[in-house]
Structures are given as structure tokens and as C-alpha cells.
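Given the sequences, and given the hints that come with them, work out the whole structure.
For the record, the sequence lines run as chains A and B.
This note's numbering puts the first residue of the first sequence at 1, with every later residue one more than the last.
This note's numbering puts the first residue of the second sequence at 1, with every later residue one more than the last.
It cannot be assumed that every hint is accurate.
Below, simulated DSS-like cross-link-like pairs (lysine-lysine); rule was C-alpha separation at most 27 Å, straight line [stated by the list, open to error]:
| # | chain 1 | residue 1 | chain 2 | residue 2 |
| --- | --- | --- | --- | --- |
| 1 | B | Lys468 | A | Lys97 |
| 2 | A | Lys30 | B | Lys402 |
| 3 | A | Lys165 | A | Lys128 |
| 4 | A | Lys38 | B | Lys468 |
| 5 | A | Lys123 | A | Lys30 |
| 6 | A | Lys128 | B | Lys243 |
| 7 | B | Lys369 | A | Lys97 |
| 8 | A | Lys615 | B | Lys346 |
| 9 | B | Lys343 | A | Lys30 |
| 10 | B | Lys508 | A | Lys680 |
| 11 | A | Lys30 | A | Lys271 |
| 12 | B | Lys513 | B | Lys468 |
| 13 | B | Lys346 | A | Lys117 |
Derived list of chain B stretches under chain A, where covered just means 3 residues or more per stretch with a C-beta under 8 Å from a C-beta of chain A [as the list claims (entries may be wrong)]:
| # | region |
| --- | --- |
| 14 | 236–243 |
| 15 | 254–266 |
| 16 | 278–286 |
| 17 | 390–397 |
| 18 | 405–411 |
Keep in mind that the hints were calculated from the coordinates and are not lab data.
Backbone N, C-alpha and C define an ideal beta-carbon position, used for all residues, glycine too.
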Amino acid sequence: TTTLTDYFSQGKNDSEDSGLRFATCQLLWKQINSETEKIQEELNKQLFDNLIHFLRQSHSELQTKKTEWMCRMKSSEIPTAALVLGVNVTDHDMTFKSLSEVLQDNVTPYVVSLQAKECPGIKHLLQKLMGQLMDCNVDVDSSEEEECVNISQKKIRCSMASLSKWYESVTKKTDSETPSKKRTSSSRHWQSPPIVVIFKDMESFTTKVLQDFIVISSQHIREFPLVLIFGIATSPMIIHRLLPHSVSSLLCIELFQSLSCKEHLATVIDKLLLTTQFPFKLSEKVLQVLINIFLYHDFSVQNFIKGFQLSIVEHFYSQPLSVLCCQLLEAKKRVNSLSHNQCENIRSLPSFRRYVESQVSEKQIALLTEDSFLKEVTQTLLEDLHIYHENYFTVLRCLHVFTTSLPKYPLGKQIRELHCACLGKSVWETEEYESAIQLLRMLAKDELVAILQKCAEIFISSSGKQFSNTVEKLEEFLARFQNLEETSEVQDVSVSSQKELQKTTDLYHLQKTLLALKESKRSKKLTKFEMLRFEVVDFIDSLVRSYLAPAEMQTLNEVVYFNTANTLREHLNAAPRIALHTALNNPYCYLKNQTLKSDVGCISNTAPDICIVYKLHLECGRLINLVDWLEAFSTVVTAVEGTDPDAVATDQVDEIIHARFIRAVSELELLGFIKPSKQKTDHVARLTWGGC
Amino acid sequence: MSQLELKRNKALEARFVADEDVLKHISDNGGVKVRKDRAQLELNIKRFVKKLENISDDDEAQEILEEQNYVAVLGACAEASELAQTPGKNVTFESSQYPEKPASTPKSSKKYSASNKAELKSKKNEFVSTTPYRLRKRLTAPSLRSDSESDYSASCSEEEEEDKDHKETSDVILDQKTPSKTRAAPASKKTPAKKLKEEMTSNLVEEYFEAHSSSKVRTSDRTLQKLQKRKLDQQTLLVLLNKAPPAFTAELKELNQQHESLFSKWMLQLHLGFSIVLYGLGSKRDLLEKFRTSLLQDSVHLVVNGFFPSITVRSILNSITEEVLDHMGTFRSPLDQLDLIMKRFKEDSSLELYLLIHNLDSKMLRGDKSQQILAQLASLPNIHLIASIDHINAPLMWDQAKQSLYNWLWYETTTFSPYLEETSYENSLLVQQSGSLALSSLTHVLHSLTPNARGIFRLLARYHLENKDNPSYPGLSFQDFYQRCREAFLVNSELTLRAQLTEFRDHKLIRTKRGTDGVEYLLIPVDNGTLTDFLEKEDEDI
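Set out below in C-alpha cells:
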């Protein structure tokens, strides 16, 4: 049997090191995937803690203050958590999955999650509820398994009464067990654990089902502790819109807000992309595509990660040298075992050729002819690349601290925007950077000091040793700012001049002093603070220039950077309508035949039948007469075949042409451009308008 | 035609056969000769009309041009199709005058070419008087739509040269009949036109709404029947198409090779948890079939021909549970079935299934529930889905949630190959499908009925054919029908007739509809040719 590695290697002719490449790819993806899960977990922790606290509270009332619970029961209010999750519906599944895991671990084994599509009616809902609860039960106590299976097989009538009976029996059983065993087995769970029902997509449930369920269960809330969790994608208002007051008054709602998808994405980018932990990198265009899909299509972090996964696969699949895309030490080892072909691959990399051209001629020859020398150089170049990244990310964060304090954010608010700006081209040549630097030169002192302190922290926390100088320099700046404060002596030029102004009474003198004042302001010597500020900004500028060079300029960047943004866009964000329209309108794009080359707007008579029919149909209104259409088609087609059009026109339309026309028309129908119409005999209706 | 093919280690194969095919097997298709006689009769007329058209072609073009200029002045260029015509003028004329035509047209043709200009003028005047009124009406009172809709059925085009003379006269008559209309128009002629001109931009969106603001569209009235084109059946069509020379074979081959080089990549990505969807012009059936034969021979896979008219999600699920999971038993709902499948696939990670769906966007599968179920299947890590879509609006089937379940990777595979299989099921516009098929189903259903029931149907069919030339024939009213049946000693009570009719209706042999007066009318939804053939055959049998 063929394995995945085979599929991986079969694709390209260039199957150098494919096995190793695939293994590296898989390993990398595994690491990244676990990292994303970790991030998600951390980000959700706060929310989950709050929820557990809420559950505990609603529960503890039952435990300790029996009376209070009873009184609440009498009012038959169901404790409910409204969980506002945001519009990124696709990410919710992950959240709910981990939520129910956390709850099952810490609070109660009885967690049920329901989706609207599974519950078209109250009957289905109860069925699902019971089914999932019985399954939970099996997990908790294996001795009960047989009994449970029996129950579910008998398909007991699903009612709240049977549910409460079931709950009673389950809690009794755990109570009757020896206390020691209970402690060990379910110590994490509380006594008489609540039943938690999660409505994953509250908006999609039919109001009838929700209302019925709430009303029925509020009748039974005395018998077992029930807690509801509503997953809400829009706004909490929806609860009141879905449920009338009589029903919503049965709920005791508390609101919880999940983390916004923007923050989530920012964290993901920070942890996955702006780090040297993972050798794989995205180029500016690719990152832009992924971010655009996120911002303009779905707000889904899940999809962003999917795109990231696809980039990894594509990179390792298409770039033979991606075998070197691993941790530095490993990569250095792998360089030694590169084949001759791979060395040739290195030599043909554009960035490497640039590098070769910049060398002296002897070295050039050595690089192009000796594999061993090439390998040595490659090792050092890889190391350089690694160091470049280390420096890059540190300086990028530092620059970000500066730019976020500016008004109107000329270089973007988010670090990802800054990253994109720096990756693509030399950022210091852009206008935005220019204006940012100018704005920086106007920063107030306390702001500047705060920023410098933050920068110093960033540099200190970074692992690179080469920043010790920078840190020193920054600290020196900070010290000088401090000194400035102590020895500050405000030169009150203006005050004195004002006094002079007051003295003068005659107009001529006044004018003269005013002019002099203006002159002095223009040529005024900078204050010490301003000098220092200039110095700081210049220093930052020099850092940017030396460390934030675009990645494309780095030698061997092709090894770790994935840069075919087009493939990514094609596969993730395809435009099927445009493809269809292009194929119909301009078949030359696909069929490279000279006869198909034609001007825009005219109908090439050699084109495939469907193209001709399509173009003819574009000229029609809402209804198309089939006879006219057929005749037009046969005119176009016969024109190419050289037969005299007049002769054909008088005669019947050729049968073969008729058949071809039929085929083309039914194909257009299949594609959804036309549909049969009953408005008039032998007419079809056009379904599209305009371009496609 | 196998609707679902399932192969496991080349041994297992399930075939689903369509009802139509069974019928085809049972009966020989013998209903091809369709109204030969009538066609012959019409031939002369047609020839003539054709010549006439050639003669007056230039004039016609000129006329259209003039018309259009006029309309352009009005500023309603896009509305050329909307040019108002006097309602109701042609219907009566056409049916009553038609038989006389061979005699009258030759004269008129000469007259026409001679006095063309003059006629044109008079005609134009006619237009002038009615058009602005119409436009204004449409502009000021869009709620009058229902009114214009009722106008529509009568609307006919001026391009019909053969009818020209008669039209003139009828127009004149009509003018006199509806003086209020024409009189109201000239007064408000200028203002609405200017208004329109200002508002009109070449904006596509506006054009769209312009074209759809009223239900009236002007197209020529020619029909295929007049063209004397018999409808081809599927078989003849195929034969004819095979005769057509294939074009661009080299280029097509190159295209296909490009796609085929992606096969192993697809496999890789399918295994990495993605689903693959193919789009682009041309049938992707052969491509997927090639993918299947070259890479999936040794693995469990299920081919779903989505374009098959009677495919359902249920049948897909059934073949998974029965053939792949060897599960015998029934399910209360597709959701239960899905649950079982998901459970089994999650438990047993060695289970692996490739799901190939041709035309995921077909009529039967595009429903929300079907897509939901398929998406959930695709989300299983050990079910690998590769599907093709063709409809331009296919991506609208999926919301965010479904898309993330599917986890699509899009691949453009434009093949330009004809949709032979896919369109063969479509009740195509020009392909005569109902012909032989409907006839055979008719005879089969009726053969299983009692003689009395057959008599009842024959009675209705006869009446239907007697009225075939009457376009306003509403159908046979139930009371009338009952009376006739009673007279023929076919039924003895209304109840028995109703029971019989229910049976017919269940087999789609008749259709009932309520008339404006609340009376129930019975219709036979089969075209007249087939019905004639059927009656002939029945008469032979008796």
C-alpha cells in the first residue's frame, strides 16, 4: 500500500529528500498545532474559571444554605449562563469542546451539549439530552453499564419525569457507595453534581423548542439541579427577543463574555509567527492573504490556522530545499548530507545568486563548483538567517512600542501590520515611516521615557547577546533624561521678552522687537531635551535600518519563507464564478489555440459551442427565444465551416448543429445561467445579469 | 445507469437503476413519429414565411432601428423590450386567421414591400401614442404590476412579418376601442421621458432592476414547432453529437494532463484532513473517474452521482451503513443514521472511506439538510471527500459553519469537456424526454387498471384532444366529466369517479386545477402528440 510519503514524493519531479521533508513537515505541524491548542487553552482559562465559579455558586447554595436554594427553587428559576462568543461561529466548536472537558473534569460528569440542527422539536431535544446523560453515566460507573445500555435500547419514553427519576437513582447510588471509594473516584466532582446543558447556537434554535424546554424544566428544577449555558453569537439581547417575558423570567441569567477573536488572532500571530521557535515563516503577501480572509470573510482563527497549515504543506511540498527548514542545529547537520542536485538547487536560488555576485571572483568560482565549500557557506548563511530573525523580532517589537503611541497610527495599530510593512520592503523608505519618525520627534518626555523603558525590557528579555550594547545605550538615554530633570533650568527667554514688550510703547519699537523675537525663535538653539529626543529617534532609526531589512533580501530566505500567495488564495478563497465566466468568455485563457484569440466583445466562431451560445445569450434580455438563439448559433457556426451562409439560412438548420445547440443549452442550464420558462412557448429565462 | 457505485477490492458493486430505465427495458420506445401529417401541412406555410422574411429583412432591421432610436430618445434604451403594445390584439387574431394565411400572405407580401414606408409610419404613430403612457404608468405606479402581468400573456412582437397586415387592422380597431388610453398619452409625453433620461445611467445594477421591474419582455414569437424541428430524443442526440467533429483535442489533453498531475497532491491533502472541491467549466466526471481508477483501486470508496435525479442523502447514508459498515437495520431518521456512522468511524480508526461526489450542487443534494449531513460526514477524519460543483451559485449552499466542517480546498479544473452524463438526466428544454417515456408509462399504468378506469381516462383524453386548438381551454370540469362518464356507463356514483381520479393523480396522469369560478377542472399534463399516439394504440388494442 502506498503511504502518505509516497503521495508526497510522487507529485513533483523534484523529489529530493522527500521522505525527510515530509517527516519534518508533519513534525512541524504537530508542534504548531499543539502550540495553538495551548494558546487557546490559556486564553479561555479566565472565562472558564468564571463559569466554574458561577456553577459552584449556584451549586453551593444548594449544598450549604438549603433553605435559600429551596426558596429559589420555589420561584423555579433556572440558573443560566449567557456566553457571548462573537460572530466567528467556526471557532465556537473548539471553545465548547474544551469547556465541556473542563466542566467534566472539575464540576460534574453530567454535561450535555446540544446543537440546533439536532433538535428540530422538543422530543428530539429530550432524546438527545437523555442519550448524552446516559452515556456520561457509563463513563462514571462501569458497573452500571449494562443497565444503561438496556435502558437506552428500550428507548424509554424521554420525559422530564424519567430524567429526574434517573438523576435520583444515580445520586443515590453514589451516595450509598463507601465514602472512601467515592472520595477517590469522583473527588473532583461535587456531591449531587448539577446537570449542565449547553445550547451551542442559541440563535438557531426554534423559539418553540427553547420555550417548551425552559418551561418544562422549570417545573422539575426542584428535583435536580439544572444549569443552562447559552452560546450566543450576536448579542445578549437575543435572549429577550427569542423568549417572551413569561419564559425569560424563569431564568436567572448571568452574562459572560468570551475573548474577542481579534485578540485571539493577535496572540496566535505573536506566538506562531513572531518567534524564532518555529523555523517556518510566511512572506508578506501570504500573511496578507490570510489576514484578509480573516478580516473580510469570517473572523475565524480556526481558518487562519488552517491557512497556516496549508502554507506549511505547500511549502514543504513545492520547495525541495525546505528540508533545511528545521531547527538550526539540525539544519546544519542536514546541510552536510545534501546531494549534488540539492546543491544545484541552492545555487539556483535567486537570493543565493545575488550573494554570489557580491563575492570576489575566486570565491564565486568556489561557490559554484565545489559542493563542500558551498555546504560550509550554506551553514554560515543559515546561521546568519537565524540571527537575522532573532534581531528582527526584537527590533520589530521595539518599533511597535514606539508606533502604537503615535496619533493616527501611521504604521498600523497592530504588530501584524507593522510586520507586513517591514517584511515586504525596506520600511524606512516608505512615507508612513517618514511621518512616524516625524511624529516621534514630537513626543513628550514622560511618554518617551516610558517607551524607552519598555524597549529596554524587550531587549533584555530577548535572548540575543548582540543587544547588550543597545541595552546599555538605552539605559544611558534613560539616565540622561533623569539628569535632565534634575538640572533643568528653563531658559525663560520668552518671559524676558514679554517684559520688554510691555515696556515699549511706540509702534515702531514694538514692530522691531516682535520681528527680533520671531527671528530668535527660528534660530533658537534646541533645548537639551530636544537634542536628546533627536538622538533617541535617530538611534531607533538606525536600529530599524540595520535590523528590519526585508526578508526577501536575506540570502537563503527561500528555504524558510513560503511566498506563493497565489496558490493559497486559489485554494482557500476561490472565485468559481470568475473562473466560469473567464472560461466561457475567453476560452483562450485555457485553450492555448491561436484561432481562439479574439477581440473582446466579438464572438469567435471557432470557440467551443458552449462559449458561442453563452456569448449569444449575453445579448438577450430576460427571456430568450430558442428559435432565434438556435438560428444565431447556426449562423455563427456555419460561418466558420466555410459553407455559404445564404444557402444554409434558407434551408433547415443542420441536424448536427441542432444537436450541438441542444447540448450547449442544456449545459448552460446545468450551470445555472438559464432556466426553462413557462411565460411563452419555446422561451428560456436568463438567470444572470451583467458580467456573470 | 448506475447511480451509486461502490467498490471494495474490486469485488463489491452496488447498482441502482432508475425507474425510467426499467420502463425503457419493459417497453420498446415507439412514439417517435410525432404529428407527421401536421408538419407536412405546415411545411408550405413555413417555406413561404421564410422567404418573406428574407425579403423584408432589411426593412425589418430598419424598422427596429427606428424604433430603437425613438426609444433612445425617450431615454429608455434598455427598455426596448418593454415597448408597450396594445394588449389582447393578437390572440384572437392568430387562432382565427391562421388557416387563411396561405391564401392571404402572398398578396400582402407584395403590398408590404410597396407600401412599407407608409405602413411603418402609421405603425409608429401607434407606438407614440401608447408608449409614454405605459412608461409613465410603470414609473408612477409600480404597484400595478399585476395588471401588466395579465397584459403580458397577450403581448406579441412586431417582428412577425407574417402577421403584419392583420395586426394593422386589429391595432386600428383596438385604438378605437380604447380611446381613453391613447388620448391620455400625448399630454404627458414629454415629461416622463426627460425624467427617465436623467435617471438612467449605464449602471448595471439599475439596468438589472429596470429589466425586472415589469414582467413584460418582448421577444419574437417564433416557436420550434414552426421551425419544423422535431424534438430529438436522447439517443438520436447522442448519435448526432458523435458525428460532430471534436475540437481542440490537443489543448484539451494538455489541460487534462495538468489536472492529472495534481492527483497525488489531492491524496496527500485528503489525508491531511482537507476536503477537495473541483470547480470550473466542463464536466469533471471523467477526471474524478480517472482519479478513482488510478489511485483508489485498493481502498474503500463510494461514488455518488449527484446529478442523478433520484439521488438522496438517505441513499448515500444507506450505502455507507449497509455496504461499508455492514450494518443491517433501519433508522428512524437520517440524523440517527449519521450518528451511528460518526460513532463507528470515530471508534475504529482503521476504517477509511473515500467519498467521491459528482455534482455536489445538484438539485437533490443542494438542500440545507443534505448539505449539513454531508458536511458532517466530511468532517470525520477518516472520511475523505472529493467533490465537484458546476452551478454558478453553488458556493451559496454553504454557510461558515458548513464550510468549516467541509474544510474545503478549492481546485480549479476547467476541462471544457461536455456534460454528457450530467445533462442526460436533466429534463432538457429541447430534448424530447417525455415522448417515449411518457407514452410507455401511460400504457403501463393503464394496463394495470380496470377496463372501466381505462374508459374513463380515454374519455378525458378524447375531450382533451378535441379542445387542443382552443388556447383558453381550461380543462374538463368535474361535473361535466361525471355526467359523461355516467352516460357511458363507466361509473355509477361521484364517489367511484373521485376514487378513480385519485389513482390517476397519484400516477401523475391527470392534474386538477380550480378555475376562477371555483369549479374543479381536469387536465392531462401530457403533450398532445403523445396523447394521440396513445389513443391510437389503445384503439388498436380494443
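Against the structure, the hints come out as follows:
no.	hint	result
1	B/Lys468 <-> A/Lys97	violated (66 Å)
2	A/Lys30 <-> B/Lys402	holds (25 Å)
3	A/Lys165 <-> A/Lys128	holds (17 Å)
4	A/Lys38 <-> B/Lys468	violated (76 Å)
5	A/Lys123 <-> A/Lys30	violated (42 Å)
6	A/Lys128 <-> B/Lys243	violated (59 Å)
7	B/Lys369 <-> A/Lys97	holds (23 Å)
8	A/Lys615 <-> B/Lys346	violated (50 Å)
9	B/Lys343 <-> A/Lys30	holds (25 Å)
10	B/Lys508 <-> A/Lys680	holds (23 Å)
11	A/Lys30 <-> A/Lys271	holds (15 Å)
12	B/Lys513 <-> B/Lys468	holds (17 Å)
13	B/Lys346 <-> A/Lys117	holds (20 Å)
14	236–243	holds (count 5)
15	254–266	holds (count 6)
16	278–286	holds (count 4)
17	390–397	holds (count 6)
18	405–411	holds (count 4)
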